[in-house]
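A.B. asks: Protein chains in written order, with the working numbering: chain A, 1 to 145; chain B, 1 to 133.
Keep in mind that the hints are not guaranteed to be accurate.
[What the hints assert, rightly or not] Okay, derived cross-link-like pairs now, SDA-like style, lysine to any residue, Cα gap no bigger than 25 Å in a straight line:
1. A:K114 to B:D121
2. A:K49 to B:R44
3. B:K98 to B:A31
4. B:K98 to B:N45
5. A:K114 to B:Q22
6. A:K49 to B:M68
7. B:K59 to B:R44
[Said to hold, decoys possible] Selected chain A positions facing chain B (in silico; Cβ < 7 Å):
8. V26
9. M28
10. H38
11. S40
12. S42
13. E43
14. S85
15. I89
16. V116
17. N123
18. E125
19. L129
20. R140
Because the hints were derived from the structure by calculation, they are not lab data. Note that CB positions come from ideal geometry on N, CA and C, so glycine has one too.
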Amino acid sequence: MALHVGREAAVDNENTSKSFSDEIPVAMMEATMNLTTHLSQSESFLRLKAAQNKLNADVATLQLLEEFINLQQKIHADRAAGHFSDTDIQRFRDLQEQVATNDIVQERDYALEKAVGFVREVNQEISSLLGVDFASLTRRSTGGC
Amino acid sequence: MEEILNELEVSPRSVIMQAARQFAEAFSELAEYQSFERAFQAYRNDSAAQKALEDFQKKQASLKALIMLNSLSDEERQELQCLQDLFYSKPTVMSYLKAQRELVAISQSLGDLISTEIGLDYGTSCRTGGCCG
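Next up, chain A with everything else stripped away, as it sits in the complex (with noise of 0.2 Å):
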């Protein structure tokens, strides 16, 4: 296996629109399910689920999810719009201190965090004997930031 540390892709990624079957090989194809099964079952995914499955139960989570993003998003809009409401901004402030106090919001958002560190890793480790990022292989591109 050759190793090209640090090489990077020299081009954008262009979208392409071919599905998954008709163009892995079998050997490949193996590989890629027994890695999602393994990482799926790994603690940091199950925690992931457990804390997801958490905040989906709690309505009253879930209500201040909801209104804190659609808030931001009448907000943004207004701004586009030249529009600016002191209520709409004081209102956004209070949801989001709730947010950012609320536990199972907190517990999601941690145990996301973890479970993006751990796919971090496994990627590290796959791209380490490429030699080359495959997380970066992967990204379609979208335009700009």
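Got chain A; can you put chain B on it based on the hints?
C.D. replies: Chain B only, in chain A's frame:
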């Protein structure tokens, strides 16, 4: 939370890392990866292509300020374009870029599959250092 973690159902870290290594091994055996490796080596060993790249980058660097100000003259723009075209016209560069596109295509399919299975966007999760990192 502890009750959800049945030790018999949790994949140990060592097993997951072994699966990651098996994944890398399978990936390295893909035709797309091997073509990319060959094309990359051919491109790196092609002195004419490397010289063409160097010429283009030198010219681009010398005109950096003007490019940023969008103040290139037609002549400068044409000269830069010619150097870029010359680089991209090299057979090893074309082969390398084609191999890279093919490698990216299959990697994207694998990334989509992984993301679907784990419920997290793999590529985005592995980003570091901001939105373009």
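A.B. asks: Work down the list of hints and note, for each, if the structure agrees.
C.D. replies: Against the structure, the hints come out as follows:
Distance restraint check for K114 of chain A and D121 of chain B: the Cα-Cα separation of roughly 14 Å lies within the 25 Å cut-off, and the hinted pair is therefore satisfied. With a C-alpha separation of about 46 Å, the suggested pair K49 of chain A and R44 of chain B falls outside the 25 Å cut-off, and the hint is violated. Pair hint K98 of chain B plus A31 of chain B holds up; C-alpha atoms about 13 Å apart against a cutoff of 25 Å. This hinted pair checks out: K98 of chain B and N45 of chain B have alpha carbons roughly 17 Å apart, not beyond 25 Å.
Note on K114 of chain A and Q22 of chain B: the hinted pairing holds, with a Cα-Cα distance of about 23 Å set against a maximum of 25 Å. At most 25 Å may separate the alpha-carbon atoms for a hinted pair to count; K49 of chain A and M68 of chain B exceed this at roughly 47 Å. For the hint pairing K59 of chain B with R44 of chain B, the CA-to-CA distance comes to about 21 Å; that is within 25 Å, so the pair holds. For V26 of chain A, the shortest C-beta to C-beta distance to chain B is roughly 10 Å, which exceeds 7 Å, and the interface hint is violated.
Checking M28 of chain A against chain B by beta carbon gives a least distance of about 5 Å; that is within 7 Å, so the hint holds. Contact between H38 of chain A and chain B, as hinted, is supported at the beta carbon level, the nearest pair being about 4 Å apart and thus within 7 Å. Proximity of S40 of chain A to chain B holds as hinted, the smallest CB-CB distance being about 6 Å (cut-off 7 Å). This hint holds: S42 of chain A has a C-beta 5 Å from the nearest C-beta of chain B, less than the 7 Å allowed.
For E43 of chain A, the shortest C-beta to C-beta distance to chain B is roughly 5 Å, which falls under 7 Å, so the interface hint holds. Interface hint status for S85 of chain A: violated, as the beta-carbon distance to the closest one in chain B is roughly 29 Å, over 7 Å. Contact between I89 of chain A and chain B, as hinted, is not supported at the beta carbon level, the nearest pair being about 25 Å apart and thus beyond 7 Å. Given hint, V116 of chain A at the interface with chain B, holds; its Cβ is 5 Å from that chain's nearest Cβ, closer than 7 Å.
Look at N123 of chain A: its Cβ gets to within about 5 Å of chain B, closer than 7 Å, so that hint holds up. For E125 of chain A, the suggested interface contact is upheld, since its CB lies about 4 Å from the closest CB of chain B, less than 7 Å. Using the Cβ-Cβ criterion of 7 Å, the hint placing L129 of chain A at the interface with chain B is satisfied: the shortest such distance is roughly 4 Å. With a least beta-carbon distance of about 6 Å to chain B, the hint placing R140 of chain A at the interface is held under the 7 Å criterion.
Consistency note: the structure conflicts with the earlier hints numbered 2, 6, 8, 14, 15.
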